Amino acid sequence: EYHEQRLAIAREIKDRLGEGRSLGNLGIAYYSLGNYAKAIEYHEQRLAIAREIKDRLGEGRSLGNLGIAYYSLGNYAKAIEYHEQRLAIAREIKDRLGEGQSLGNLGIAYYSLGNYAKAIEYHEQSLAVAREIKNREGEGIVFGNLGNTLAKQQQPELAIVFYKQSVSVRETIRGDLRKLPRESQESYTQTVAGTYRALADLLLAQGRVLEAQKVLELLKIQELRNYTRDTRAGGETKGAPLNAIEAPVIPPFDNLIALGIKLTTCEGQKPYCADRDQLLSQRNQATEQFSQQADRLRTLARQGRDKDPAQLQQEELTVAAYKIVQSQPNTVLIYPLVLEDKLWLVYGLQAGKQGVVFASKEIPVSRKDLSATVTQFRQLLENPNSDIKQLQQVSQKLYGWLIAPLRPQLDANGIQNLVFSLDRSTRYVPIAALYDGSQYLAQRFSLSTILTAGLTDTQDKLSPNLADNAVLGLGLSNAAPGFPALPNVVNELNAIVRTNKPDSQGIFQGAERLNGDFTLNAFKDILDYRILHMATHGKFDSEDPEKSFLVLGDGNHLKVTDIKKMNDLGGIHLVVLSACETAQGGPDKEGIEVSGLSYYFLTQNVKSVLASLWKVNDASTSRLMQQFYQNLATGKMSKAEALRQAQRSMIQGNGTGTEGDRGSFKIESMPSSKTSAITRNFNHPYYWAPFILIGNGL
Numbered sequence: 001e002y003h004e005q006r007l008a009i010a011r012e013i014k015d016r017l018g019e020g021r022s023l024g025n026l027g028i029a030y031y032s033l034g035n036y037a038k039a040i041e042y043h044e045q046r047l048a049i050a051r052e053i054k055d056r057l058g059e060g061r062s063l064g065n066l067g068i069a070y071y072s073l074g075n076y077a078k079a080i081e082y083h084e085q086r087l088a089i090a091r092e093i094k095d096r097l098g099e100g101q102s103l104g105n106l107g108i109a110y111y112s113l114g115n116y117a118k119a120i121e122y123h124e125q126s127l128a129v130a131r132e133i134k135n136r137e138g139e140g141i142v143f144g145n146l147g148n149t150l151a152k153q154q155q156p157e158l159a160i161v162f163y164k165q166s167v168s169v170r171e172t173i174r175g176d177l178r179k180l181p182r183e184s185q186e187s188y189t190q191t192v193a194g195t196y197r198a199l200a201d202l203l204l205a206q207g208r209v210l211e212a213q214k215v216l217e218l219l220k221i222q223e224l225r226n227y228t229r230d231t232r233a234g235g236e237t238k239g240a241p242l243n244a245i246e247a248p249v250i251p252p253f254d255n256l257i258a259l260g261i262k263l264t265t266c267e268g269q270k271p272y273c274a275d276r277d278q279l280l281s282q283r284n285q286a287t288e289q290f291s292q293q294a295d296r297l298r299t300l301a302r303q304g305r306d307k308d309p310a311q312l313q314q315e316e317l318t319v320a321a322y323k324i325v326q327s328q329p330n331t332v333l334i335y336p337l338v339l340e341d342k343l344w345l346v347y348g349l350q351a352g353k354q355g356v357v358f359a360s361k362e363i364p365v366s367r368k369d370l371s372a373t374v375t376q377f378r379q380l381l382e383n384p385n386s387d388i389k390q391l392q393q394v395s396q397k398l399y400g401w402l403i404a405p406l407r408p409q410l411d412a413n414g415i416q417n418l419v420f421s422l423d424r425s426t427r428y429v430p431i432a433a434l435y436d437g438s439q440y441l442a443q444r445f446s447l448s449t450i451l452t453a454g455l456t457d458t459q460d461k462l463s464p465n466l467a468d469n470a471v472l473g474l475g476l477s478n479a480a481p482g483f484p485a486l487p488n489v490v491n492e493l494n495a496i497v498r499t500n501k502p503d504s505q506g507i508f509q510g511a512e513r514l515n516g517d518f519t520l521n522a523f524k525d526i527l528d529y530r531i532l533h534m535a536t537h538g539k540f541d542s543e544d545p546e547k548s549f550l551v552l553g554d555g556n557h558l559k560v561t562d563i564k565k566m567n568d569l570g571g572i573h574l575v576v577l578s579a580c581e582t583a584q585g586g587p588d589k590e591g592i593e594v595s596g597l598s599y600y601f602l603t604q605n606v607k608s609v610l611a612s613l614w615k616v617n618d619a620s621t622s623r624l625m626q627q628f629y630q631n632l633a634t635g636k637m638s639k640a641e642a643l644r645q646a647q648r649s650m651i652q653g654n655g656t657g658t659e660g661d662r663g664s665f666k667i668e669s670m671p672s673s674k675t676s677a678i679t680r681n682f683n684h685p686y687y688w689a690p691f692i693l694i695g696n697g698l
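For the record, in the sequence shown the residue sitting at position 604 is 604 according to full-length UniProt numbering, with numbers rising by one throughout.
Treat the hints as calculated values from the structure; they're not laboratory data.
Incorrect hints may have been included.
The calculated lysine-lysine pairs, modelled on BS3-like cross-linking and capped at a C-alpha distance of 30 Å, are [unchecked claim]:
1. K501 - K524
2. K539 - K565
3. K389 - K368
4. K270 - K118
What follows is a list of derived Cβ distance ranges for each label pair [unchecked claim]:
5. K389 - R296: 31 to 39 Å
6. E52 - I261: 34 to 42 Å
7. N681 - N556: 30 to 38 Å
8. Q292 - T561: 25 to 33 Å
All values reported here derive from a predicted model rather than from experimental measurement.
Glycine is no exception: its CB is placed at the ideal position from the N, C-alpha and C atoms.
With the hints as constraints, model all of the structure from the sequences given.
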């Protein structure tokens, strides 16, 4: 709309350069919408104007954008034609950035045609330009493209080296992302995520599970950085280091690229520089040296795998992941990795005298099929009137992919506690509701999830002494603008919090702030408490998480920015959001938004957050919360076990639910289901499954 307005003005005032730029921007916008034919139409118009007014830079960019559009249509030959024209112009006008981009796009086009040798040739030239102009982002992208091409050539050992280089380069430049527009940040991070996934896939295929686990941690940190726009999320990371047999490959490769730069400079002179023949000879020698090191890598890597796959793994397991597995007996840490054509389950557990052992299972299910099943599952879960048999059938299908392949190992090692670091569409799955054919997972295991191992502090636990676990209970029972009343909140807080009032019957000692007393000022003494319980409405915005909020008792909002201002909340062990739900994305989403408001509490050093995946029933939430705290008050069970037992009591009990929901939400692609006014038993997963424990489950 804005570009069209600018275009109209440019035409009115005869601004041909502005007219061309507006047409180009419209082409980019339509390309982003997937309307490639319309994009081509606008880029062709811009190209015509650029040629008319002798705008060579604009002409080159138009040609490049046309090449990208035709590539997206699958017309690789046409794409190559346009990229070659742009390359010629870029070299003519000394547009080095455009030259590097054109070379990279030519490499991608030849890759798609299956001409991998030609693709590598162009990518190496693109890398040379990126290094010459100090374009670190471009350098990281080229390394990733080289990894993709080598993987297609069935050279996984060499592909791993270049993927690792890509990851390491990108880790060094993440601080500069804040200078990029939001769209550029997202595009960049999606590219990075693709490289991490490809690297993890190759490592797992070679049995290098510990390295893969580290890469999965980096992937999750990158996703959090993009989602929260916080380049510091996850702390400092060191990329993916090369091992002893991989490192020798890089010096001859770097020498090859450096000679390529010199040779390009030489051949750019008329006549050629005097030492051209010498440079050609040196480049041939460098090519031979690189080939020898690549052959050595393949030989040593395969010999090592034949002897012991662990030989090629990093010596130290990620410390944070190790601590999670060791934090309580009979625990397994599970990382699903969702790829386009398969699912990997990476898991670590305590295996007797062997100590902590990490292993993996490859599951033949596509991302499309997995996402479609998750979508169906969520639709059934969010409708309390859905057929329970149909829900269990769909749930059992997901169980067959996510849990069943690991059951022999879980049973053999007496596993009782499952900790998940979920990926993509699996983040939308309430793991507790997975069904094995006879019972739900919540009836068999205690369950928790983590955002990353590094964000999970397993050192701190609630005291078994009830008096040490003071609760600050905050709630809204009255109606607020845009939100209905929550009558059960009063009983919920009264049952949980024991105040100094004579008639107080609560479980945990603490303070209660209800309705008008539940304001921002109620948080001023927050560090005097170990548990923060908020029973109110929540609004979560998956597109812009900083617009998310909880409704305060005075009608104002507790925003993400307010949480950030609280600084260190290290004294708070548990935050219970007895209202907040996370916005469900469509099946094509990555699912990182499921972390919701929880992320912001965890980064303020809160140890764990109990939150919900969908809009929750007021009465059932009140009952589950009271049971959760009663279980916790025994001092004999972890938070994850207390939640499990509360869910079990609802599965087996006879409580009933009526109309009345907490939270509000928006759903893309998946239609929302409204709570029925019909009174129902609480044993339907709609009532007990949405709550998930994120962080320290102890």
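Now the hints, each set against the structure:
1. K501 - K524: Distance ~21 Å between K501 and K524 Cα, so the pair holds.
2. K539 - K565: OK: K539 and K565 at ~19 Å, within 30 Å.
3. K389 - K368: 24 Å, holds
4. K270 - K118: The hint holds at about 26 Å.
5. K389 - R296: 31 to 39 Å: Hint violated: Cβ distance 59 Å, outside 31 to 39 Å.
6. E52 - I261: 34 to 42 Å: Given range 34 to 42 Å: holds, Cβ gap about 36 Å.
7. N681 - N556: 30 to 38 Å: For N681 and N556 the Cβ distance comes to about 37 Å; the hint holds.
8. Q292 - T561: 25 to 33 Å: Violated, at about 57 Å.
When held up to the earlier numbered hints, the structure conflicts with 5 and 8 and fits the remainder.
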